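Using the hints, position chain B against chain A.
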Amino acid sequence: MSETGRKVGIFHSLGFRLGLFVGVALAVGLTVHFVVSMAHHEEALLSLKKEEASVLAGAIQVSLNDAMMEGESGRKDLQESIEKIGKRPMIDRVRILNSEGVVQYSTDAAEIGRRVEQSAPDCRQCHAGEVKPVSGEIDLASCAYEPSAPGESGRVLGVIHPIYNDMDPASCMVCHDDRKLLGKLDVVVSLGNLDADIRHHRGALVLFGLLGVGGIIAIVTAAIHLLVHRPVARLLDGTRKIGSLDLSHRLPADRRDELGNLAQAFNDMTGRLQQAQEKIRNFTASLEEKVEEKTKELQAAQLSMLRAEKMAAIGRMAAGVAHEINNPLTGVITFATLLKRRTEDPGSSEDLDTIIEEAHRCSNIARGLLDFSRGGVLSTREVRMNRLLDRTLGLVEKQAAFHNIEIVREYDPDLPAVTLDEDRIGQVILNLVMNAAEAMGDGGRLTIRTLSIGDDGRDDGDSIGIHVEDTGPGIPDSVAARVFEPFFTTKEPGRGTGLGLSVSYGIVADHGGRIRVEGRPGEGARFVVTLPVDGGNE
Amino acid sequence: MRILVVDDEKTVRRSCERILAIEGHDVLSVPRGEEGLERLVREGFDVVLLDLMMPGMGGLETLRLLRTMDGAIPVVVMTGYAKAEVEEECRRLGATVWLPKPFGPDELLGAIARGLESSDPESLDPEGRTDA
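Sequence order for the protein chains is A and B. At the far end of the first sequence sits residue 538, using this note's numbering, and the numbering has no gaps. At the far end of the second sequence sits residue 132, using this note's numbering, and the numbering has no gaps.
Wrong hints could be hidden among the right ones.
[Said to hold, decoys possible] Calculated lysine to aspartate or glutamate pairs in the EDC-like style (CA-CA distance at most 16 Å, straight line):
#, chain 1, residue 1, chain 2, residue 2
1, A, 340, A, 351
2, A, 340, A, 324
3, A, 340, B, 106
4, B, 10, A, 324
5, A, 180, A, 166
6, A, 398, A, 351
Since the hints were derived computationally from the structure, they do not count as laboratory data. Predicted model only: the values in this text are computed from it and were never measured.
Next up, chain A with everything else stripped away, as it sits in the complex:
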């Protein structure tokens, strides 16, 4: 019976039902067969028995002949013989009727003299309801009949054996003249054995029939179980597994019958489902990837925008301040100059010079700020970056600050020419290189690298990249975020204005490029400048 899912009750199972069906059909068939054949059999047996009885009757007549031949003196013998014969087993009754039907001799002495009418029920079986004449031509063989009254031990069979005149003047004709039919010998035998046999036979048939049917039901049920239930249970189990999305499961499909085909078809379907599942998984994964990518891009863009905004705000404020400063500075320079012209005291003159100098310095600081806020005019032309780098490095290589510094050049030999303001970009490079040298106070390695960048997605067209790497202490994240702000410096007050990087930022931005810093504390710093080949904002 099924092992998975809803339990199929035994009485609902296919196997039982089929078995029952087969069993019932078999039983009905067998019963019909049984009944018919039994009837046949019984008839045959009865027929046989009738023949036997007839033979017996003939034998009895022969044994009684001698007594009959004795005529009157033989009557007592005849009666005795009949009584003896009557005592034999299986013989129920023997009697002799004369041709008129009067009992002459009988095992039942009481009936002697009685007349048996031809219309009596027992006699009618042969005499067919007609009262036949006693004399005349009657060609009667012995006739079996079934007495209506059962004998002492059950069914009995009667046979009438006609006693004919042997037409021998020396024997029968002595007493009976030429009468043809002298009388009838009526023998009734018991059918007890027969009935017992039949009963026995029947019993055996029924028993074996039942056993047979039972056996067949069992076999059919078992066969169904083997051929149908187990494979179906496996199919069910398999579909259940597949239903819970274990799509790697395959049903055993080695059978060549319908169930095998079903399993095969199922496996095909499962295979296709699995493929679809795989596709969906891949699609989902790639979607997730894309989403992640886009999210990262968005975040980066957001950050970049925020920074640009911040810088722009600082720039605007700085420009305002710088611009404002220039007015009072005009006053300072003017009046200090006028004063200097009037004084004769060299000390005062010197002091005034100082004032004027410092005022100019203020002005430069202000200009630096304004440069940062993108106020400069660019005069651009096509420049080979590698050469510009070499020139700039050439300017500083011999300086004291660069004494302990190893300079490594990693130039891309196929770098395209870039449209830029040579002086300004030179200023940026110088700024970065000087910063690097300062960071590596005790010596280190300065690496200058150029590379070609294809279309980097945000700008149109190609860009180049310039890396200025040092092996200094590196820049902490908190500083890195602010390093391009004007006046932001990590140096002590008085050393450096903190303008260099902000100015560089502005210059690079004016060219439509970008500048950023990379690197972690302990790993040195790398400044990355990206410049569009075609000059960006021009």
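Using the frame of chain A, we list chain B on its own:
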């Protein structure tokens, strides 16, 4: 010479007055563009020193109007604001000399001299510079 100074900053006006007075020029300084134009029309000057960043009528507007009235007079534009586009615009509108701030006496006098010696401006011929 008669020199007109237009700048909203007192310090700048005083500086210009002092420098030019020492040189013997006649200086009039006004804080606003409208007033400057008014005085220019009424009195006539030889040179105009004009600041760009002023409240009210700004330097550029003043310059434009000025040029419709007088295409010849040398105009020295002073400014602390060094934006490239602005300088371009000024020259286009007819400024003669560009004088960045801060400046000292030498720079101022130099600018005036340059303005005078070129009846043509330092750069392009300004549009709208017509003889009325």
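Against the structure, the hints:
no., hint, result
1, A/340 <-> A/351, "holds, 9 Å"
2, A/340 <-> A/324, "violated, 25 Å"
3, A/340 <-> B/106, "holds, 13 Å"
4, B/10 <-> A/324, "holds, 13 Å"
5, A/180 <-> A/166, "holds, 8 Å"
6, A/398 <-> A/351, "violated, 35 Å"
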